[in-house]
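Number of protein chains: 2
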Amino acid sequence: MDENKFDTSGLNTVKRLPKRGHYDKETIFNILDRHFLCHLAWEVDGQPFIIPTAYGRKEETLYVHGSSKSRMLSALADGRPLSLVVTQFDGLVLARSAFHHSINYQSVILFGHAHEVEGDEKYEALKIVSDNIIHGRWDEVRLPTPIELKATMALAITIDTASAKIRTGPPVDDDEDYDLPLWAGVLPAKLIYETPIPDPKLKMEIEVSESVLFKMNPSR
Amino acid sequence: MDENKFDTSGLNTVKRLPKRGHYDKETIFNILDRHFLCHLAWEVDGQPFIIPTAYGRKEETLYVHGSSKSRMLSALADGRPLSLVVTQFDGLVLARSAFHHSINYQSVILFGHAHEVEGDEKYEALKIVSDNIIHGRWDEVRLPTPIELKATMALAITIDTASAKIRTGPPVDDDEDYDLPLWAGVLPAKLIYETPIPDPKLKMEIEVSESVLFKMNPSR
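Each protein sequence line maps, in turn, to chains A and B. For the first sequence, the residue numbers in our numbering are 1 to 220. For the second sequence, the residue numbers in our numbering are 1 to 220.
Isolated chain A (complex conformation):
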């Protein structure tokens, strides 16, 4: 038992290309903390469901939220097994052979189960998700009323086990293909934020707020 790593089991062990697998919490949490959009899957009577949704992390718990009427949240609140993936697409790996084409990426796959949170933990969960989407926005805006809180549901996801999978670097071709007169390399990709578009209903001249500027350029 190493508390800095997730135990490996049949569920989370990276079997294909095991060198790409990582189980240490630092690597896994770093990937989770760079993103806010995950895909979440669960099943009902053998039928898998999957949905994109926002999340936030506090220590070893992930929080998701949505409408109190959400079918997803209601199904998951009973603690049934869930799987959650965060995928960062970093670029196309363009080899000399079709077979050795690949993708550079960092992904986390985790298995866990959820329960509904209420009261103070619910309020904190909503702030954690908000801060993970756009840090500082929570402190700028009009905060939830009791009615809005009632219309919102928050789930805490306990991570049973997790793994990260990472591929970086150039293509790896068969020896005899390196002589082919064909360009090979990586076409890098990334998500960028563009110039903010003011709400047409802004009633006065208001400058773009700090949270938005920080989201556009975290290093400023």
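If you are wondering where the hints come from, they were derived from the structure by calculation, not from laboratory data. Any given hint could turn out to be false.
One copy or two, it doesn't matter: identical chains are merged, so the pair holds either way.
Taking lysine-lysine and the PhoX-like style, the derived pairs with C-alpha atoms no more than 20 Å apart in a straight line are [stated by the list, open to error]:
id : residue 1 : residue 2
1  : 69        : 203
2  : 122       : 58
3  : 190       : 215
4  : 25        : 69
Knowing the structure of chain A, use the given hints to seat chain B on it.
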């Protein structure tokens, strides 16, 4: 029955915010054809699994591929129910209240089942996936050998039903919040491709190939 639309059922009907739901094939296929990365979910004995993977479309069939040893492909090849999502994140919708924050996106959720394809259809499936990732690359590279084909598995996914969900435009706040002295609007996001990085093992001066230039700038 309208052959230009997917039938709505309990599975694919958009219940939350139904105005965002679309069932016509044109809208759904347009979203699918702008992307190549999906998240695919299936279940084994009540345990959901989910994985990011590449796909390509031909008419009403999606193709995915991977290693012949892939646990995912082997599980799915028996035709068990699957769910597949493609998500395009377009920006953060920044309202004046925490509650009315949202995300602009276009997503497709589909339900279906898969079967393995062999022979000519397998070869065509691999080309379709490749062309969907980077159009024209297939015609530039060294094509698969019989041994490589044997190490690769391709699945055809039959779409049982599908829906798209789209949100665009500015935030929608409560009337009384429009007077708040707080910036509101949309922070647009998009995926971009950056300057190609040549493989350090390129043996000669070779120009970046057409498929890569086209991927970087489809409108040129």
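Evaluation of the provided hints:
no., hint, verdict
1, 69 x 203, "neither (33 Å within a copy, 60 Å between copies)"
2, 122 x 58, "within (13 Å within a copy, 45 Å between copies)"
3, 190 x 215, "both (15 Å within a copy, 14 Å between copies)"
4, 25 x 69, "neither (33 Å within a copy, 28 Å between copies)"
Taken one by one, the earlier hints fail for this structure at numbers 1 and 4, listed in ascending order.
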